[in-house]
Amino acid sequence: MTITRQTLRYHAAPSRVYADTWTVIDIFTGLPIVVGGIVMDCLSAEHVNEMVDELNYEDLDMRGKLRPDA
0 MTITRQTLRY HAAPSRVYAD TWTVIDIFTG LPIVVGGIVM DCLSAEHVNE
50 MVDELNYEDL DMRGKLRPDA
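When you number the sequence shown by numbering that gives the first Met the number 0, it's gap-free, plus one each residue, and the end is 69.
Heads up, none of these hints are tricks.
Label pairs and their calculated CB-CB ranges:
1) 19 with 63: 33 to 43 angstroms
2) 16 with 66: 36 to 46 angstroms
3) 66 with 17: 31 to 41 angstroms
4) 66 with 20: 33 to 43 angstroms
5) 15 with 48: 13 to 23 angstroms
6) 25 with 63: 16 to 26 angstroms
7) 18 with 62: 29 to 39 angstroms
8) 19 with 65: 32 to 42 angstroms
Don't read these hints as lab results, they were simulated from the structure. Backbone N, C-alpha and C fix where the C-beta goes; we use that ideal spot for every residue, glycine too.
Can you build the whole structure from these sequences, using the hints too?
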């Protein structure tokens, strides 16, 4: 399976609250995600990209999309 932007659940977006920072958005809700009770907002560009990559990897793995036969 080819992984495209449409396959990915999470993406980075500019924060609507804090200038020059980023948030992690869940495409199903359109809202910033909450991890451990903390809203993933006010992140640096580097941190938000790491979070998005890790969360999408975990989501794809859980849905079985990382297996060669998926």
